[in-house]
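A.B. asks: As they're listed, the protein sequences go chains A and B. Whatever position you read off the first sequence (first residue = 1), add 3 for my numbering. Whatever position you read off the second sequence (first residue = 1), add 17 for my numbering.
None of these hints come from the bench; they were simulated from the model. Some hints could be false.
As the list claims (entries may be wrong) - Straight line, CA to CA, 30 Å or less: simulated DSS-like cross-link-like pairs of lysine-lysine:
1) B/K142 with A/K10
2) A/K185 with A/K9
3) A/K357 with A/K296
4) B/K142 with A/K9
5) B/K111 with B/K142
6) A/K235 with A/K10
Here is what each chain is made of, one letter per residue.
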Amino acid sequence: MSDSPKKTPLYEWHVENGGRMVDFAGWSLPVQYTSVVDEHRTTREAVAITDISHMGRLRFEGPGAAVFLAELLTRRVADMALGQVRYSLVTNDDGGILDDVLVGRYYNAHGQPFYVVVVNASNRDKIVDWIHQHLPPERANVRGDEVIFTDVTPVWAMFAIQGPRAMELLQPLLDVDLVGMKYYHGDQVRILHPAAQRQGGIISRTGYTGEDGFELSVGANIGRAMWEAILKLGEPMGIIPTGLGARDTLRLEAGMPLYGHELGEEINPFQAGLGSACHLVGYDFPGRDALKKIESQPVDKVRIGLELEGRRVARHGCPIYVGEQPVGEVTSGTFAPSLDRAISMGYVQRGLAKVGTEFEVDIRGRRVSARVVDLPFYHRPKNTKRKSQ
Amino acid sequence: MKPEELLFAKTHEWVYVADEEGGKVATLGVSAFAVEALTDLVFIELPEVGRVVEAGESFGEIESVKAVSDVYSPVAGEVIAINDELGDNLELFKDDPYGAAWVAKIRLSDEGGLAEMMDFAAYEKQCAEDAH
């Protein structure tokens, strides 16, 4: 038996409020409170809050932090502006994907910059080991170039507050202008609510739903109080808490990859359609030379979106065929609540990825027709448009 | 129907057995507990009329947003009717799991499978244990 699942600062709240708890990446988290479809729709139409305190948060500071991260991540870091957030990958020496991460640059109370790298819960131990491998004491303690690395996951709670009314809900709580905050930007904030006990937090205009929204980190000790305060403030806007079930259907409709499904060590960024997250000139990082070689050759398979006939769902592992020829595999699938149809992501051989290409997918021994569509599957309505990165 | 009048399978189907035309006919459905656990139903695939099933055989599937589940026949026999209303009215599973949401009627070829089934009290106990 493995160790019992870890609990976020919201664990008791979830249990007390009807959360159906499941073990996810070693954490006990609610898959849903009521219905996945209701939770999904509320996120699209109003606002919802999700406990994402299981996500790994790794903090880097010290004068050598920027260069160390530039030599760890596939995406440039050294040129990041204050408050900027970037999507990046961590690759192994062969260019396989170890994790996909968000890196943000902020200032601490002493005016010194620090970085927060948000990693997948399922990859946290692996990435922490990888960092220790690449940050031995002789590297971390170079005089004048020190790198201080701290895994702050247990001491910070993190919430995703997503939906068209997220800004209206959060603005009165924070001392920064959220309207002016661009997508993939964030800030250190004061929280203007007694529940925060004068503590600050970090807010970023990021998310995993395809809606406008924010992710908020606060101290674990005030996690529950802040969660309850946000729910109370959001009542007039129709806020509800949402679980992992809706998190998955929302990210799937938004065409966002999930590690362990669309991403893995056997997948390279070009296959995954994430070449833009790799800067192959400048700083050297593990896998850079391998990725240069991979980039110079045509990809063998590519990530696609599929729409299926009928209402049966092709999920992870369903083989994709042209006639009797296997040409790929589904990596995720669901019934998409906002589209009222079955959708999947998967990989197919290069040359078969064109929009409109027709396939058959084997679902539990029976074939269903499918066709390639553009990603994302879902676009949020234009009236909530925001400035892009 | 009241759940106390039904027999339940470990796999969460219920049956109601009645004498019809000299034989026994089982009406089969899915328990309220299972419907609640699945939530967000999107599709049911029903067996074909005339299909002969063994006890414990999967003969249909229910797709929910989260997962797909088999529907098993806890009894052996021939499918003599299916509920055509269900496909377009999946909310019946929630509204009336032990009535309007019946799935199929099976003319029993033997009654062996029934002995394996539980009464409602025993089934509720199993569900309570599963929940922990």
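A.B. asks: Each hint should be assessed against the structure and marked as holding or not.
C.D. replies: Quick rundown of the hints versus the structure:
1. Between B/K142 and A/K10 the alpha-carbon distance is near 28 Å, which keeps this suggested pair within the 30 Å criterion.
2. Note on A/K185 and A/K9: the hinted pairing is violated, with a Cα-Cα distance of about 34 Å set against a maximum of 30 Å.
3. With a C-alpha separation of about 25 Å, the suggested pairing of A/K357 with A/K296 holds against the 30 Å cut-off.
4. Between B/K142 and A/K9, the direct Cα distance comes to roughly 28 Å. Compliance with the 30 Å bound is thereby established for this hinted pair.
5. Note on B/K111 and B/K142: the hinted pairing holds, with a Cα-Cα distance of about 21 Å set against a maximum of 30 Å.
6. For the proposed pair A/K235 and A/K10, the alpha carbon gap of about 23 Å is at most 30 Å, so the pair holds.
In the structure shown, a violation is registered for the earlier hint numbered 2 alone.
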